[in-house]
Amino acid sequence: MFAMFGNLFGLQAHVFSVQILIVSWLQFLLDGKGGAYTSTLEQYRVKAEYFLCAALQKNNGANIKRSPGKMLGILYRTSLCLEEEKHKVLDWKERNVLLYEALF
Amino acid sequence: MRPEDMTTSRTAYKIDANNPGSDLAGETAAAMAAASIVFRNSNPTYSATLLGHSRQLFTFADTYRGAYDNSISVAKGYYNSWSGYDDELLWAAAWLFDATGENSYLQYVVNNAVSLGGVGWALDQFSWDNKYVGVQLKVTKV
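Chains as they are written, first to last, in the numbering used here: chain A, 1 to 104; chain B, 105 to 246.
Just so you know, these hints were derived from the structure itself, not from any lab.
Some hints could be false.
Claimed, not checked - With a cut-off of at most 16 Å between alpha-carbon atoms, the simulated EDC-like pairs for lysine to aspartate or glutamate come out as follows: (1) Lys180/B x Asp233/B; (2) Lys245/B x Glu49/A; (3) Lys245/B x Asp202/B; (4) Lys245/B x Glu42/A.
With the sequences and hints as input, model every part of the structure.
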């Protein structure tokens, strides 16, 4: 979602993300129709917001790396491929640890 | 270049019950469920076909679990399924809930939230491999 809108609309990706954030908060406050599912849905929402904040560069330093023109999110694949040559097969959790170390 | 214009070998591979690929089938189920929403008004017949196959693929993906690149090992050199298939199972169920409104699909996303890793990880990528962020965003709008 982020890369797609970043490509098409540039800075509007920010606006879009903020809108989702606000809508998600409002929906939870207003209807609470998750019922028995509410607590699990809430956990999903927390993780979704981490991503949105990272896209907005407001995640306390743990942000998605952006290209100089702010148009694209940069994935970690290139740097991690080098790590993989050293470590051989990593599971995806290990990859995320390396991703974090590589970017921040 | 269009695939039909390519002159290199175009080998086809398959997944089945003995050679499963829950990530591949799950992603395809999600795509078809999403497409069924797009065509719901303009082409209801096509939309229903998409939804029917999406349901079948999700059941197949969930029943016969396995990573597609274990069944199609040549894919490891190109599109390794790093994140496994748990994220695609949730991704498919989330889109099927969106397309059908049937509680069973939402139930799947909720009941398997922990076991399939849906609420375990805060991530900063959404990619061909890793769908968790997409699931988390979709569920936010339930």
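Each hint tested on the structure:
no.: 1; hint: Lys180/B x Asp233/B; verdict: holds (12 Å)
no.: 2; hint: Lys245/B x Glu49/A; verdict: holds (12 Å)
no.: 3; hint: Lys245/B x Asp202/B; verdict: holds (10 Å)
no.: 4; hint: Lys245/B x Glu42/A; verdict: holds (11 Å)
In summary, the structure agrees with every hint in the numbered list given earlier.
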